[in-house]
Amino acid sequence: MSTIPATHDAAHGHHDEGSYLTPRGPFLSTVVAWATTIDHKKIGVMYLVAVLTMFFLGGVAAMAVRAELWTPNRYVEQVQPDGTTQTVLQGDLLGKLFKADGLGAANNIYNRVFTLHGAIMVFMVIVPGVPASLGNFFLPIMLGAKDVAFPRLNLLSWYIYVTGSIFAVLSIILGGVDTGWTFYTPYSSTHAAGHWNVVFMILGAFILGFSSILTGLNFIVTTHKLRCPGMGWFDMPLFIWAIYSTSIIAVLATPVIGITLLLLIFERLFHVGIFDPAMGGDPVLFQHFFWFYSHPVVYVMILPGMGIISELIAVHCRKPIFGYRAVAFASLGIAAVSFIVWGHHMFASMGELASAVFSFLTFLVAIPTAVKVFNWIATLYKGSIAINTPMLYAMAFLFLFSIGGLTGLPLGALATDLHLHDSYFVVAHFHYVMMGGTIIAFVGGLHHWWPKMFGRMYNEKWAMLGCALVFIGFNVTFFTQFFLGTQGMPRRYASYVDEFQFLHQVSTVGSWFLLLGFLVHLGTFIHSLVAGPKAPPNPWGGLTLEWETESPPIEHNFHHEPILKHGPYDYDTTVPPHYDPADYPLDTSTPPHRSGH
Amino acid sequence: MTAYHFTTLAQDSGPVHGLFFRGDAAWDKGVATDSLFMWTFWFSTFWFVLLMGLMVWWVIKYRRRPGVPAPRSASHNAPLEVIWTVVPSLFLGYIFFRGFHAYIDKLVAPVDAIEIVVKGMKWNWTATYPNGAISPETTPLGASNVPVIVLPAGRAVRFKMYSDDVIHSFWIPDFRMKFDVFPNRYSSFWIQPMQAGETHWVFCAEYCGDQHSEMAAVILVVHESEYNELVARWGAAGGTPQEMGERAARKHGCFACHSIDGTRNVGPTWRNAYGNPVPLADGSTIPGDDRTVWDNYIRESILVPGAKLHAGYPNQMNSFQGIITEDEILWITAYLRSLSDHPLGAAALEAEQAAESESEGDAPANGEGANGGPN
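Which chain is which? The protein sequence lines are E and C, in order. Be aware that the first sequence starts at 105, since it is given in my numbering, and climbs by one per residue. Be aware that the second sequence starts at 652, since it is given in my numbering, and climbs by one per residue.
Do not rely on the hints blindly, as some may be mistaken.
[Said to hold, decoys possible] Pairs of lysine-lysine, BS3-like flavour, derived with a Cα cap of 27 Å:
hint, chain 1, residue 1, chain 2, residue 2
1, E, K329, E, K250
2, E, K486, E, K669
3, C, K712, E, K486
4, C, K959, C, K770
5, E, K203, C, K773
6, E, K200, C, K773
7, C, K770, C, K902
8, C, K712, E, K565
9, E, K250, E, K638
10, C, K902, C, K959
11, E, K250, E, K669
12, E, K638, E, K565
[What the hints assert, rightly or not] Now the stretches of chain E that chain C is said to cover, found in silico as 3 or more residues with beta-carbon under 8 Å:
hint, region
13, 172–184
14, 208–214
15, 461–468
16, 495–505
17, 509–522
18, 583–592
Since the hints were made in silico from the structure, they are not lab data. C-beta atoms are modelled at their ideal positions from N, C-alpha and C, and glycine is treated no differently.
Sequences and hints are given; from them, build the entire structure.
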């Protein structure tokens, strides 16, 4: 690289304040200092640790699901040592592991494990993941602020998150739930096994909702009130636009799931009869309530990922994001339309008119999403593109998310959905969107901002290897599931007819590569923390404000309140902070274009 | 219990279609669904290859070279952005329209469809034929024995579905059709099996507990004559459903308020009611000409009488929730049909039942006769 990392002295004239990571005093008081901190960076790191812990738990459940599906469950005649023939159950890996008695009990264990996987990944990883960790850490810095608007509320959000997660873990320790993460009534309100398990799991999700609402509120106010001098709305990085849109959805939609889950608890404990058909209730009403939240929340999950991708592509291509305003407005447009498409989860349970309206609206929400993908790819044109781990992840995102988006078309169209609904096609589709979109963007963003967060570089070759393994493993695992779905494999099945076994085994092999990829990343990150070379303040040559401060940032983020002098992506006209203009030639042959203007 | 040999459908729609589907769809409406799916697939493939091709090409072509800045280029282009917003929108509109069209075709059954009542329960399916018969046949599938639902080739079959407990979903992958099955109302769709000898999987597609993955059935398609003979043989001894409906109505005292000769009583008359629009007290109307709407209207009026109050009548009826059985509701519905001159009423009911009893007897009108015995 032609860049020279600037020294501390070039950045400021003050004495060294030390980074936010610098321990203050002995070990115990450092722990107390972290547990009571109101520094958004520490809270962001604490969220990161909590979210990754839950990701690990959810991942173990995912591996267990794939392992169980290696073979279908079958009764076979088996000759015993004493010469008699006995009918025994085979193929129920989890059943054998937990000493389940018979087919029903074995299937029940599988049902608990996939519920665990879904509930943890959705409520504890993907929904809070990016905003609470990377968002918390970078939203104030990218705005040029010292902290979020309500630092104490921010710490409270973290404790609420942990409390909610503890309730969920408590439910698992009690034996887990077998309702599916969607908690559909009347199964969840009457039949599901383990009374208190179900109540605790729902209570956990209910509590987690408050964490989302408070974090969202905090971010909205921060974005409105704490932008540094010189930063107008259209000078904000697109990551901020994405987090801002996400926060609006979270604040508006989360109360609905809160009320719904509370009603479900009342239904279970006191039999109020709002969802129970035996008491005149309507179980489909629950589905309407549930998806009225859970569809907007799909965009709570994906918008922050989209924000990360905008940053990754701009920085590593050194180009203004093509059509900045279109991308910003697409975020808001998606946020708005996301509230009126919930019915597309229910085409197999609604009347014709409602289905037609929701199908039409669903195609409407596809358009701003497609526009974003076009804009990202157009940004590559005539860029100066670095091939590194964050950029590889950005490309992986574009690849996987495009598949996720395009496979949404046959699900949005009514005739094809009535075949594909609740099949493995849906499973594959939402993993392409949720994991291929959000998780891939999250891991890409983590590599992009890792040097800034922890002040250490990581081994690029190993990180790229991890990325390749994750990409290959992901596609082998989930692309096969599209074929399973179209051929007739329903989702949430502990067993299956013989014809599906080959594709299931391919999918399971893919999951092992996926696991290996994440383990390589884990090793790379641990190696970086222990022995990684010190990171310069601006290793990639970014123009947004987080690259102006040190790596890792000082406790108050900036020595002086920054004053914005250039747009977030004005690579045509601006030498990035900490770069020597002599080493960073700008193209002067054509007049500059300023992003967003 | 018979172990059936599972057939594989012909594969004439090309190798790519063959990757996605186990053979062609088993009826023309399913073929239309597949055609839309494949159209969407090639449309998606075109955009995906274009976008990924550009991405890879540009990343290689414009990879970073030390000391060489990115050339200045436009950071937005309004005409281009309008074009790439509007053009895909038109295609999406086209997909929406085709999807809606093929969906309506699959949901709205022809008037002469045979009605088969499907009951979902944890974890089994029961299919009841118009004469009250239930198929006693089962076959091994996966780790369980599952019921065999026998259907006649070439006849439209309408499933009227309800659940005894939680929500299930009745999915027949070969027909590209499913619909959820509810504990508090009927849902329905139709299919038309084409080829005698075919077998088709039925799976429960809505998670329903421990044995969700074992909640399957097999549809066996037979010649119509064979179907009629089997159903007649399995037939219930208690009389036709409308006769049982009349007895149930008598038992529950329905005639105290509802007349069957068209005269006005405390409640609306049952004569010529079924299938016709009903004006409601709140000013809205129950639309006529729709079996599902009417079946649900009857069911709801028995269980929650005040929910949809007939215009001009007082809200005086008590709920029969927990008093009347699901079977009795089905019989009373058949009874109301037998009292109606509407095309969906007595005529359609008799036609369905006549088709079934044909093989028992004396009118080998279709020339196939009664001797096409089961194998």
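* Asked: Which of the stated hints cannot be reconciled with the structure, identified by number in ascending sequence?
  -> Those not satisfied: there are none.
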